[in-house]
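Line by line, the protein sequences give chains A and B. If you count the first sequence from 1, position 270 lands on 270 in the numbering used here, and the numbers rise without skipping. If you count the second sequence from 1, position 111 lands on 111 in the numbering used here, and the numbers rise without skipping.
Incorrect hints may have been included.
As the list claims (entries may be wrong) - Straight-line distance between alpha carbons at most 30 Å, and here's what the computed BS3-like set of lysine-lysine pairs gives:
{"no.": "1", "chain 1": "A", "residue 1": "Lys-240", "chain 2": "B", "residue 2": "Lys-94"}
{"no.": "2", "chain 1": "A", "residue 1": "Lys-305", "chain 2": "A", "residue 2": "Lys-240"}
{"no.": "3", "chain 1": "B", "residue 1": "Lys-193", "chain 2": "A", "residue 2": "Lys-145"}
{"no.": "4", "chain 1": "A", "residue 1": "Lys-43", "chain 2": "A", "residue 2": "Lys-18"}
{"no.": "5", "chain 1": "A", "residue 1": "Lys-305", "chain 2": "B", "residue 2": "Lys-93"}
{"no.": "6", "chain 1": "B", "residue 1": "Lys-94", "chain 2": "A", "residue 2": "Lys-256"}
{"no.": "7", "chain 1": "B", "residue 1": "Lys-192", "chain 2": "A", "residue 2": "Lys-305"}
{"no.": "8", "chain 1": "A", "residue 1": "Lys-124", "chain 2": "B", "residue 2": "Lys-93"}
{"no.": "9", "chain 1": "B", "residue 1": "Lys-93", "chain 2": "A", "residue 2": "Lys-256"}
{"no.": "10", "chain 1": "B", "residue 1": "Lys-192", "chain 2": "A", "residue 2": "Lys-240"}
{"no.": "11", "chain 1": "B", "residue 1": "Lys-93", "chain 2": "A", "residue 2": "Lys-145"}
Unchecked claim - Computed footprint of chain B on chain A; a stretch qualifies when at least three of its residues, placed anywhere within it, have a C-beta under 8 Å from a C-beta of chain B:
{"no.": "12", "segment": "84-92"}
{"no.": "13", "segment": "183-196"}
{"no.": "14", "segment": "200-213"}
{"no.": "15", "segment": "230-238"}
For the record, the hints were derived by calculation from the structure and aren't laboratory data. In this text the structure is predicted, and so the values were computed from the model without any measurement. Note that the Cβ used here is the ideal one computed from N, Cα and C, for glycine as well.
What follows is the residue order along each chain.
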Amino acid sequence: MTNNYLDFEQPLAELEAKIEELKNVSNDNSLNIDEEISRLQSKLKTKTEHIFAHLNDWQVTQLARHPLRPYTLDYIRLLCQNFEELHGDRMFADDPAIVGGLADFRGQPVMVIGHQKGRDTKSKIRRNFGMPRPEGYRKALRLMKMAEQFNMPVLTFIDTPGAYPGVSAEERGQNEAIARNLMEMSDLHVPIVCTVIGEGGSGGALAIGVGDVTLMLEYSTYSVISPEGCASILWRSADKAPEAAETLSITAEKLKKLGLIDEVIQEPLGSAHRDPQSLATTLGDRIEAHLNQLKTESPETLTQKRYQRLMGYGVFREN
Amino acid sequence: MSWFQKIMSSRIRTEGGHKKRNVPEGLWSKCPSCEAILYQPELEKSLRVCPKCGHHDRLTGRARLLNFLDEGTAVELDAGLEPEDPLKFRDTKKYRDRVHQAQKKTGEKEALISMQGQLKGRDVVACAFLFDFMGGSMGSVVGEKFVRAAHHALETRSPLINFASSGGARMQESLFSLMQMAKTAAALKKLKKAGIPYISVLTNPTTGGVSASLALLGDINVAEPDALICFAGPRVIEQTVREKLPEGFQRSEFLLEHGAIDMIVDRRELRDRLANILRLLCDAKNPPREPDAIITPETG
């Protein structure tokens with residue numbers, strides 16, 4: 001399954017294949033090749049460390065889109081119990097590109113909402129590659145309002161290339177749906193903790209990304225436009241995407257430095273999909289810590305602080 | 001090509017000569033829609049609407065506001081805000097240079113102008129995007145100026161009116177620009193809760209992140225005729241769905257039909273119509289007091 005490795009991961013693919021092969025051999029006969037395996041494993045580890053210590057922003061972008069990367073439903077499964085998915089916007093349809101519902105998170109009922117991509121061709125199409133239509137955003141808003149009604153915190157998971165650019169989406173008011181979410185989330189009277197788990201694609205991401213805390217996984221991205229889109233507009237060539245990725249400052253680390261997000265969640269060696277369980281534990285701890293803190297605030301203080309946070313975004317000079 | 005041009009040697013023949021304007025710059029212009037030749041002062045008088053076919057030519061920024069507000073009442077707000085370059089953004093040009101260029105071209109510091117003034121005697125706060133300034137794109141300064149205008153409307157309890165004309169969020173400020181969508185939307189929520197009207201006027205074009213935030217959040221959304229209003233532009237959609245889009249797709253009339261806007265208003269009637277709408281909205285809450293109306297005894 002070498003197509004599940006990115007270009008820069010190829011050296012790891014070869015090593016892993018070799019280890020796998022040796023393991024099979026050692027199963028077959030009693031030859032003691034454990035030593036060789038452990039030698040290769042430590043080589044693999046060093047190699048992985050080396051590769052991941054020197055990632056450029058374009059490589060991080062590719063990791064954020066990695067075909068094996070855990071998606072929202074994976075995190076819900078790893079972080080929550082008793083998930084009850086809720087469907088539909090009550091106006092037009094259910095959008096499978098956004099999932100949401102009730103669940104227990106460490107003993108606390110919460111509303112979880114996130115973009116959802118598909119794994120295989122069929123589910124990718126069903127999930128529209130994680131690109132929501134207006135009904136997805138309207139479903140998300142309906143669930144958030146429900147969370148407010150029943151006084152439960154909202155956890156959102158962001159992972160989309162962007163809102164779907166299609167005729168039907170435009171007809172049903174893609175822009176209005178996004179705009180309304182931004183407005184209503186700014187004043188929702190329950191805590192909202194947002195986590196970028198993969199691609200934070202522009203308005204389509206932000207539409208479920210306004211909250212009290214924004215966390216980002218180490219190899220996720222968050223941007224006003226995709227590097228390809230930016231490159232094709234400003235350089236007039238999508239080939240310049242790596243340059244665009246660099247100058248757009250879309251990685252968790254850079255955005256943290258710019259003060260645009262609150263926290264970077266370290267991923268396991270080799271990125272999220274190599275050990276989703278341990279990553280989920282780390283992430284869960286951080287979400288829990290923030291929730292505990294936010295739960296002590298009155299709804300008024302909570303929304304007031306959220307408002308101040310939003311008003312603080314921006315860099316300019318005043319004469 | 002005429003027979004006369006054909007016999008001219010190619011050395012002296014100028015290609016595309018038919019496109020050349022033979023009129024002094026700035027006195028006459030051609031309507032891009034009906035190609036009528038229009039006398040500039042007359043066109044300005046009709047607010048850049050073609051008197052022949054009604055085509056709405058671009059009118060943005062300062063000129064838009066000064067034409068809209070009652071004469072002599074406009075006072076500019078937050079004129080001192082200027083963009084920074086937090087990312088040291090550079091594509092084929094530096095962002096800094098693009099900003100300087102835009103400032104030189106337009107004589108303005110940024111892509112949004114905000115003013116307080118009066119509309120038919122009523123105090124209002126009004127903002128207008130300036131499309132000629134980097135496509136009216138929204139970065140930190142545009143977001144901040146809009147929010148300050150909203151706060152000013154809140155403090156003075158006067159209605160807010162915005163004239164949108166924008167290509168969307170400004171790429172060169174990356175996530176800072178994206179966050180302006182949330183920032184402006186949050187400020188509008190404050191107005192809504194305080195019961196202060198916000199009228200959004202959508203002019204050609206209003207697209208991308210600006211359409212997905214402040215521009216479609218009006219209590220009343222008004223569009224000028226035939227304005228392009230969309231989230232994803234026609235070209236982006238064509239590339240995605242790989243089909244030609246229907247005529248009139250994403251134009252004001254299309255949006256009206258699909259329920260996204262309240263009305264389409266000719267620019268020449270905007271002042272009257274908005275003044276009337278604001279009167280109806282504001283007077284509903286504070287009806288002009290007529291003594292006998294207050295002490296009418298209830299029956300039954």
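Comparing the hints with the structure gives:
1. A:Lys-240 x B:Lys-94: 16 Å, holds
2. A:Lys-305 x A:Lys-240: Cα-Cα ~40 Å, so violated.
3. B:Lys-193 x A:Lys-145: 16 Å, holds
4. A:Lys-43 x A:Lys-18: 12 Å, holds
5. A:Lys-305 x B:Lys-93: 38 Å, violated
6. B:Lys-94 x A:Lys-256: 23 Å, holds
7. B:Lys-192 x A:Lys-305: 19 Å, holds
8. A:Lys-124 x B:Lys-93: 38 Å, violated
9. B:Lys-93 x A:Lys-256: 26 Å, holds
10. B:Lys-192 x A:Lys-240: 43 Å, violated
11. B:Lys-93 x A:Lys-145: Distance ~45 Å between B:Lys-93 and A:Lys-145 Cα, so the pair is violated.
12. 84-92: violated (count 0)
13. 183-196: holds (count 5)
14. 200-213: holds (count 6)
15. 230-238: As far as the segment 230-238 of chain A goes, the hint holds, because 4 residues have Cβ atoms under 8 Å from chain B.
Checked against the numbered hints listed earlier, the structure breaks hints 2, 5, 8, 10, 11 and 12; every other hint is satisfied.
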